[in-house]
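2 protein chains.
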Amino acid sequence: MNISDLGEIELIKEINKNIKLFTKDIVKGVGDDTAVLKFDKKHHLLLTTDTLVQDDHFNLKWFTAEQIGNKAIESNVSDIASMGGFPKYALISLTLPKNTNINFIDTLYNGINKTSKKYKISIIGGNITHGKEISITITLIGLVEKKNLCLRSNAKVGDLIAVTGNLGSSRAGLQLLRNGKKGASINYYLNPKCKLDIGRKLIGFVNAMEDVSDGLASEVLNICNSSKVGAIIYKDLIPLNKNIVIDAKKVKKNPYDYALYGGEDFELVFTINDTQLKKLKGIKCLVVGEILPKNKGIYLHHKGKNKKLSYGYEHFKE
Amino acid sequence: MNISDLGEIELIKEINKNIKLFTKDIVKGVGDDTAVLKFDKKHHLLLTTDTLVQDDHFNLKWFTAEQIGNKAIESNVSDIASMGGFPKYALISLTLPKNTNINFIDTLYNGINKTSKKYKISIIGGNITHGKEISITITLIGLVEKKNLCLRSNAKVGDLIAVTGNLGSSRAGLQLLRNGKKGASINYYLNPKCKLDIGRKLIGFVNAMEDVSDGLASEVLNICNSSKVGAIIYKDLIPLNKNIVIDAKKVKKNPYDYALYGGEDFELVFTINDTQLKKLKGIKCLVVGEILPKNKGIYLHHKGKNKKLSYGYEHFKE
Chain Z
9 MNISDLGEIE LIKEINKNIK LFTKDIVKGV GDDTAVLKFD KKHHLLLTTD
59 TLVQDDHFNL KWFTAEQIGN KAIESNVSDI ASMGGFPKYA LISLTLPKNT
109 NINFIDTLYN GINKTSKKYK ISIIGGNITH GKEISITITL IGLVEKKNLC
159 LRSNAKVGDL IAVTGNLGSS RAGLQLLRNG KKGASINYYL NPKCKLDIGR
209 KLIGFVNAME DVSDGLASEV LNICNSSKVG AIIYKDLIPL NKNIVIDAKK
259 VKKNPYDYAL YGGEDFELVF TINDTQLKKL KGIKCLVVGE ILPKNKGIYL
309 HHKGKNKKLS YGYEHFKE
Chain F
9 MNISDLGEIE LIKEINKNIK LFTKDIVKGV GDDTAVLKFD KKHHLLLTTD
59 TLVQDDHFNL KWFTAEQIGN KAIESNVSDI ASMGGFPKYA LISLTLPKNT
109 NINFIDTLYN GINKTSKKYK ISIIGGNITH GKEISITITL IGLVEKKNLC
159 LRSNAKVGDL IAVTGNLGSS RAGLQLLRNG KKGASINYYL NPKCKLDIGR
209 KLIGFVNAME DVSDGLASEV LNICNSSKVG AIIYKDLIPL NKNIVIDAKK
259 VKKNPYDYAL YGGEDFELVF TINDTQLKKL KGIKCLVVGE ILPKNKGIYL
309 HHKGKNKKLS YGYEHFKE
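The listed protein sequences derive, respectively, from chains Z and F.
The numbering used here puts the first residue of the first sequence at 9, with every later residue one more than the last.
The numbering used here puts the first residue of the second sequence at 9, with every later residue one more than the last.
If we strip away everything but chain Z, and leave its shape as in the complex, we get (with noise of 0.2 Å):
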C-alpha cells in the first residue's frame, strides 16, 4: 500500500506505534505541536521542526525568497506560540539544486533574518545539502512558564471553543493562485503571520490550544482526541474575511470549506471556560463552538442538522 492511500493520520499512528522512550523529562512526545522537556525551575523547553518544499508550500512562481524566508520562520513560531510558549532558536536545515542562484539564497536569508529579528529568534546552526527540490527545515526551540504550558489534551467539558481571528483567507489566496485570479486573501497565503503576541496574552486563562494550520476541523479534532472529549462547532459562528467570501465566489466554492478544511491560517483555537472567557479583555477571541462529553460526538452544527465533523487537508492523500 502507498502512502497516499494510507494518509497522513494513519501513516503517523503507524510511525508513533514503535517509538520507544528512554528518559522520564519528557513531558510531551510525539502527539502535541511541539514536543515538551523538563528544564529549569520555571520553565519547560519546547522544540517542533517543520519543513517547507518547493511546489507544495511554496513555488517560485507566486512568492519572493524572502517570502519564502518569512513563512518557514512563522509557520514554526506557530506551534509554540500554540503552546502558550515564545520563540528563542533556531537550526535551519536547506536542501538547494546545485544551480539555485546565490541571490535567492541571500533574499531568502534577508526573509528569515527580518522574521527571526521581530520574534528575537537567535540562529544557532543548520546544514546545507543539495537535493532536486528546495526544501527548508527548521527546528524552533522555545520556552514556556510551566504553569502556562497549553496541551491539546486539556480541553474540559463545558469549555467553550474560541479562534483568534478570520479562517480559511490563506487557502483561499491559494486557490485564486492556482485559478490565475487575483484578490485581497492571496496575501494571507503569502505572507502568513502567526499570533504569538495573543498566544502570549492568553495563557493562564486558557485550557488547550493549538494553531490552525491544518484547518478548524483537524485542530478541533485533534484536542478532542487527546483530550478525550467531543465537540460541537456552530458554522455560522466561523469567522470569515469579507474578503473570502468574495474570492471564494470566483473559484466557485463555500468559504466555509477553507476555513474548515484549508489549512496555514495561523490563527490560534483554544478552549477555555465561561468565566476565563469574560476576563479576556482587549484581545480578539472568537467563539465558534463549545466542548462536549466523549459520548456526545464531534459535530458542526448548521441549520438545526448535526453532521459528523472529518478531517480537512492531509498531506499525500490530496
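Worth flagging that the hints you see were computed from the coordinates, not collected in a lab.
Given the structure is predicted, the values throughout are model-derived calculations rather than measurements.
Wrong hints could be hidden among the right ones.
DSSO-like, lysine-lysine: derived pairs with alpha carbons at most 27 Å apart [claimed, not checked]:
no.	chain 1	residue 1	chain 2	residue 2
1	Z	25	F	122
2	Z	106	F	25
3	F	190	F	128
4	Z	128	F	128
5	Z	154	F	190
Given chain Z's structure and the hints, the job is docking chain F onto it.
Chain F alone, transformed into the frame defined by chain Z:
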C-alpha cells in the same frame, strides 16, 4: 552566480555573515559540529541537524530502508560525540513522494528505532510532508558535562592530532558501488557506525574534537581555522584499512585521497597534548600530525615535501 560555482564553504560564510544572536545563553552558535546552549549546573545542551537526501546521501538501489534509517541516526550521533557529549532526544522530519510504499516507511523506522535504542535516544517529535524525493532531516539533542565540552576552537600549539580509526573506507565503498564493483569497503559506506563510545572515553583528555564526516583534510582545516593555529599532517601516518588499498586499486584511485578528501567515515579526529595522550590506555588512538603556530600554515607532509592542505568533499561543487 550559482551555488555550485560558489561551493559549500563560501555559501555557509555568506549565510552566516548576517546572522544575529539575541540572547547571552548561547555557548556556541553556528561554526561547530553542534550548537551549544547553557542548560543546568553540570551540563550544556547540544543541538545538531543533518539531512539525508535520496540519490545524494543514499539511494534505493544500494541501501535497504533499514540501512537508511540507521545512517540517519548514526550521522547525527557522530556530531554529538565530537563535542564530547551523549545523545538524548530526536526530532524526525520526513519528506516522502506520494507513491512511497508503506513497507518502506516501516522498514526505515525499524532502522531509526533500532539505532535510537542502541544510543537510548527518545524520539520526541517530527514532521511528515511530501516531495519529489525522499529526504530525512534529523535534529538530535544531547548533553555534555560543561567541563568536557570539546570545541573546534580548542586546539593548542604543540598538540598532537590523532584519529580513532582507519579513514576513507566509506568513500571507497561508494566508488565501488558507482563502478559496479565488489569489495569489503562497501560495508563501511552502507552501515556506518559512529564512535560515541570512544568519544566518551576521550573526554577530559582531548582539546579540540570533530567527526570525520567530510574527510580528514576538511576537519583539520576547520579545527585550525577555528583555533587560529597551523598544522602538519603526515600522509604516511594516516591509518588505512587493508581492504581500502585493494578496493581503491579496483577503481584506479589513491586510497589516501579517500581518507583526506572523502567523507562519512564517522571516526573522530582530535588534538591532545603528549602528556594526556600517554594516559589514554586501551583506547584506539592513532597520531597523524601536530598542531603548529598559525604562521607555519596547514600542510600535508609526504616524502620530505610539504603541500598546502585543501578542502575535500564539498556539496554543490561535485
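Evaluated hints:
1. 25(Z) x 122(F): The given pair, whose Cα atoms are some 14 Å apart, holds under the 27 Å limit.
2. 106(Z) x 25(F): 21 Å, holds
3. 190(F) x 128(F): Violated, because 34 Å separates the two Cα atoms, which is more than 27 Å.
4. 128(Z) x 128(F): Roughly 33 Å separates the two Cα atoms, so the pair is violated.
5. 154(Z) x 190(F): 56 Å, violated
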